[in-house]
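Student: Protein sequences appear in the order of chains A and B. All the letters of the first sequence, read from the start, carry residue numbers 204 to 343 under this note's numbering. All the letters of the second sequence, read from the start, carry residue numbers 213 to 254 under this note's numbering.
Be aware that one or more of the hints could be misleading.
Among the chain A residues that face chain B by a calculated CB cut under 7 Å, a handful are [stated by the list, open to error]:
# : residue
1 : R321
2 : T327
3 : F328
Worth flagging that the hints you see were computed from the coordinates, not collected in a lab. Quick caveat, the model's predicted, so the values are computed rather than measured. Using N, Cα and C, we set each Cβ at its ideal position, and we do this for glycine too.
What follows is the residue order along each chain.
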Amino acid sequence: MGIVIEKINSGNDFGQYGMMSVIYFVNALEDHVLKQNLLKTLMGNGKLISLLDDHWGTENAYKLCHWIDTPDHPYYEMYKEAVQSNFIFLVESQEQDGSWSPNWSWGEPEVWQRVVTRLKGVLTFKFLWTLKKFNYIEGL
Amino acid sequence: MNLSKSIDFLLENAGAVIQYRLHKEILKDLSSRQFSISGDAR
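Sequences are here, hints too, so could you generate the full structure?
Tutor: As structure tokens, then:
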């Protein structure tokens, strides 16, 4: 655990995939003060926007709303405009079957075919859950 | 956005944990009785 905290505090450049792992770690922390301090280091200067949106825009594999997934998030106000843009993109990018798909793949094609449906389920649930938290869906 | 299609997709394709969370956290139609029956969803 200390290694991750040290990496965050040293300003390590995690990249979008590393940041996804890091946010799961931070969200699971029970120490509220430590959690807030780490969030400040990771997000407090607005750099998540440049990490996620400057390089790949809304086509990025992970969306800002993976991090800021409720309106109660301490950095929602700072990132509000970008999060709202995420929601517009999500609504527009919903697939015909109602799901959202990862825009990446890995492994052999036959392996990927076996896991992609489950991954679509994880993404679809996460996005529905987040849109609901922000009262973005009528009827939920 | 088509909400019902998303829900149908999850009910047909998602794993047990995701389906459980769909009922509990989004649809809110899960009773404690149903939870104890579908124990593999925990």
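Student: Against each hint, give a clear statement of whether it holds in the structure.
Tutor: To see whether the hints hold, each was checked on the structure:
| no. | hint | verdict |
| --- | --- | --- |
| 1 | R321 | 6 Å, holds |
| 2 | T327 | 6 Å, holds |
| 3 | F328 | 5 Å, holds |
Going down the numbered hints, you'll see the structure goes against none, and every one checks out.
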